[in-house]
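**Student:** Go by the hints and put chain B onto chain A.
Chain residues, written in single-letter form:
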Amino acid sequence: GNSVTQMEGPVTLSEEAFLTINCTYTATGYPSLFWYVQYPGEGLQLLLKATKADDKGSNKGFEATYRKETTSFHLEKGSVQVSDSAVYFCALSPAAGNKLTFGGGTRVLVKP
Amino acid sequence: EAGVAQSPRYKIIEKRQSVAFWCNPISGHATLYWYQQILGQGPKLLIQFQNNGVVDDSQLPKDRFSAERLKGVDSTLKIQPAKLEDSAVYLCASSLEQGGVYEQYFGPGTRLTVT
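Order-wise, the sequence lines are chains A and B.
If you read the first sequence in this note's numbering, its first letter stands for residue 1, the second for the next number, and so on.
If you read the second sequence in this note's numbering, its first letter stands for residue 1, the second for the next number, and so on.
Isolated chain B, as found in the complex:
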């Protein structure tokens, strides 16, 4: 079974530029998550989708971050304009409910450096 795919793996941009990340979840997984992992910290949930609807975006800085999941499969996360503090690894995960428990499977992440 193919895992969660993300691209690009690395991105370097200057502040105030825009950037987009792409995620393809595991086939059949209805729930998709985007996390931000700042160096030395645990991942923090930015947004959660169930199919193509948003379930939780309470931690998403909506003035600069946006995300969509068209057709309930692939997803993109965009930052516009980027700030220095957005430097982090952006992780995508997907999950399938099994016996009332959702196991999340993570992609390799995109490491963003904002200079």
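In isolation and in its complexed conformation, chain A is listed as follows:
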């Protein structure tokens, strides 16, 4: 079946540091890949997505590239802010269908 594995947190960074959160997946065919963010006390928000190999999703300074050869979709941001403190979830939906499978989430804490 489909599965998503992401690095465990918490990840603690200083402001303006570089952030990487690793995400790898197992799925048949060509799934769509997503990163969702959950700020404290709020629901999940779609951060970015990629629907085919070598696509790069980007939003709010975050980027992730769909790597079919390594089945990965790592999230990166060059300079984090305190406001980026949140839990980040990697997810996939299958090539045929719309059911989301989530990773376990990575908590990120950015200190001033």
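These are computed hints drawn from the structure, not numbers from a lab.
The structure presented is a predicted model; accordingly, all values stated were derived computationally and were not measured.
We put the CB at the ideal spot given by N, CA and C, even for glycine.
Misleading hints may appear alongside valid ones.
Said to hold, decoys possible - Here chain B is said to cover these stretches of chain A; the calculated rule only asks that three of the stretch's residues, wherever they fall, bring their Cβ under 8 angstroms from a Cβ of chain B:
no.	segment
1	43–52
2	102–112
Said to hold, decoys possible - Once the Cα atoms are required to be at most 35 angstroms apart in a straight line, the calculated DSBU-like pairs of lysine-lysine come out as:
no.	chain 1	residue 1	chain 2	residue 2
3	B	LYS44	A	LYS56
4	A	LYS99	B	LYS83
5	B	LYS11	B	LYS62
6	A	LYS111	B	LYS83
**Tutor:** What follows is chain B alone, placed relative to chain A:
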């Protein structure tokens, strides 16, 4: 555009009691989902509706959980009787197909505590 609405935001009940959650999806979204998110874990799909029909309820504990989506709009999720392990955040989401991809939009969730 209004987002996905859920109520209540918080609920505390004792085990063996019943509880119901309500969700109003984004207008025009045909697909509605209920997820359970246990603390420290990613959301797990409980049930998916397409209009008012069930598409996937394979992960729904049907002995105690039930859900309906009358008229293909609002939905309710019920737990009866609740167990301690049902303590979680219950998320509702809705989606619209765009170019073959379904983007899911989530509500704020209902945090359930079973004591």
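**Student:** Compare the structure with each hint and give your call.
**Tutor:** These are the hints, each one checked on the structure:
1. 43–52: holds (count 6)
2. 102–112: holds (count 4)
3. B/LYS44 / A/LYS56: Within the cut-off at roughly 26 angstroms; holds.
4. A/LYS99 / B/LYS83: Holds, at about 26 angstroms.
5. B/LYS11 / B/LYS62: holds (21 angstroms)
6. A/LYS111 / B/LYS83: Outside the cut-off at roughly 38 angstroms; violated.
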